[in-house]
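Using the sequences and the hints given, assemble the complete structure.
Number of protein chains: 2
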Amino acid sequence: MGENGKPLIQSFAMNGGDGPNSYTKNSAYQRGVVDAAKEMIDGAILEKLDLKSFCLGNIFRIADLGCSIGPNTFIAVQNIIDAIEQKYKAENQTHNLNLELQVFFNDTVENDFNTLFKSLPPSRQYFAAGVPGSFYDHLFPKSSIHLAHLSFALHWLSELPKEVVDTKSPAWNKGSIQCTGYVKEVADAYASQFKNDMRTFLDARADEIVPGGFLIILAAALPDGVLMSQTVMGMHHDLLASCLYDMAKLGLIEEDKVDSFNLSSYFPHVSELKELIDENEYFKNEKMEILNNPWSFELQTVETVFSQIRAVMEGIINDHFGNMINMDNLFENFCHKLAEHRLTCDQKFCKNTELFILLERKKFN
Amino acid sequence: MGENGKPLIQSFAMNGGDGPNSYTKNSAYQRGVVDAAKEMIDGAILEKLDLKSFCLGNIFRIADLGCSIGPNTFIAVQNIIDAIEQKYKAENQTHNLNLELQVFFNDTVENDFNTLFKSLPPSRQYFAAGVPGSFYDHLFPKSSIHLAHLSFALHWLSELPKEVVDTKSPAWNKGSIQCTGYVKEVADAYASQFKNDMRTFLDARADEIVPGGFLIILAAALPDGVLMSQTVMGMHHDLLASCLYDMAKLGLIEEDKVDSFNLSSYFPHVSELKELIDENEYFKNEKMEILNNPWSFELQTVETVFSQIRAVMEGIINDHFGNMINMDNLFENFCHKLAEHRLTCDQKFCKNTELFILLERKKFN
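Protein chains in written order, with the working numbering: chain W, 682 to 1046; chain S, 682 to 1046.
Among the hints, a few may not be true.
Which copy is meant is left open, because identical chains are indistinguishable; a pair holds if it fits in one copy or across any two.
Said to hold, decoys possible - Only pairs whose alpha carbons sit at most 20 Å apart, straight line, appear in this in silico SDA-like list of lysine to any residue:
hint, residue 1, residue 2
1, LYS719, ASN966
2, LYS823, ASN739
3, LYS799, ASN999
4, LYS733, ASP927
The set of hints was computed from the structure by calculation and includes no laboratory data. Quick caveat: nothing in here was measured; it's all calculated off a predicted structure.
What follows is the structure in structure tokens.
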């Protein structure tokens, strides 16, 4: 719990609008996840989705959970719709899609829905709605969603594990802003929070998704045996932490304030994630495969990586430090360190693993 | 059509946020409409809604069309839900509402949905979604809404009739910013647009509302035989027009620009509205009664009336005049004129009529 007994819930809102630092303009990495998944989504829907059995009402409802503000969510949704259309036409031997599609774009209430709505594709062939709220809560009536999709968002925890900011706890995460993996107590606290969140997430979706419906998750994970700080993304977080501590050393921000800053995100190991999915009684694990993201951080320029990280992190940092921090100074230093590390140490770090996970809501529960 | 061949679609977005000029803080008049309707909504749902017949799926879907940003929409929705709950419990002889409620808040894409979402009642017992788009378009899949509600929004036309800004047309509305009622050609152009819009609106809702479902409309209209400029609201618009022409005389804005400014709103006569409703083959006109709004403009201070009008008009004026107009100057002058008129001429002006209209989607079409 936070200072006033409130849960340590972090704002996950990506930078809004469509300016130079916006998520809209700086989400090519996340776009890579979506692109890489297209073929797998096609396969899943064409081969495995029992469209006939639950389309008696002629309405097919799709939810994109943790959608942010586009354009990736629109591309992901269109990929899904294209596959459904292809399947429907083949099954019904028709050229017309006599199926009405309704798409629910979900993200937390801090998300910039105004920008999302204004950028909806004008030629879309679906009814659009925005749903504000955490995907750890119930968001939809029972059995009302046919396909839910979650891209690159499962690593955001519902709240920060309280031990990691408790100076008296062995899990106090001093000197770092993430679960590096080096301190067992810290890793356990994060893993335990992730486990609870994952169970809550799957149970809520089990209520909302119709029997036979799909839950498609694109998730970042750690290769088994690799620690977060040994991955490229973990290295980025550690560099950002060192920039914050640099500012503390210069007296620009308080060290205590940096100590109490921790990312509410956790990247599970592949086997850990699989175990949590397999233990859920409502979903059948149909597929869990490694995605090949062509937009890996390794292949991008320092500037692109930098912009993408800033679009995600700026709001979170601002939420914790408020006006006391000069964001341009912080990210300038970060950019320098990033450039140095890219020249010297990239080979030492692992890629994070990105997974395509296809779950089917079981029919008899 | 506008200068570039685009339809003359006006931004209807009320002032966003929750600052001193916001719609949120200045919508007591519209709130009066909602309050006055509560008893009638209760009666309609308790006496006439065939809840059993279409709640087999245990989901009841409500749409509030043209909802703006609250708080009125939340109050209206809660009134509806309270009545449904009461009806359900009585019908099923139970203390539990085994019915899941999903509420769609609709307004145009310019509406401030971010503020709407942030002010959703935390204790709400429904699933909330926002739907961006004009209610003259289709917004929902076929037969997917059980009750649609539209409060004080039907007077906003889908677009401005093109004749009223055509300097060569006999319907050119020079010297006014509204359909005053004095010039037959202008009134005909507005009435014709309203007729088309009303047909489009009802046909779209006929598709979306389940047979037996309700369409509840709270609408402002003119008493038969009374012209818009003879009503209090019409007088307000005429005063605002005179303030704009004052600015033109002072050379602060161009007179042509004022001539081409017209409100895309039209208040039909009661009989005119009834005729358009009765001609629609999909809806049964169950009730059409006069509402008694306790928050009539007449009973409020000049400051309150002024603030309410500014919250509605500022965005529309800004949309047309852009940066060339000093909004504070304009509204200062308006406030003076309003105060003068309130002292001298209020008796001369009629109240606008506010109507409660209950339509049932026919079951056999």
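Each hint, compared with the structure:
{"no.": "1", "hint": "LYS719 to ASN966", "in the structure": "within (19 Å within a copy, 49 Å between copies)"}
{"no.": "2", "hint": "LYS823 to ASN739", "in the structure": "both (18 Å within a copy, 9 Å between copies)"}
{"no.": "3", "hint": "LYS799 to ASN999", "in the structure": "between (25 Å within a copy, 19 Å between copies)"}
{"no.": "4", "hint": "LYS733 to ASP927", "in the structure": "neither (60 Å within a copy, 66 Å between copies)"}
Comparing the model with each earlier hint shows a violation of hint 4 alone; every other hint is respected.
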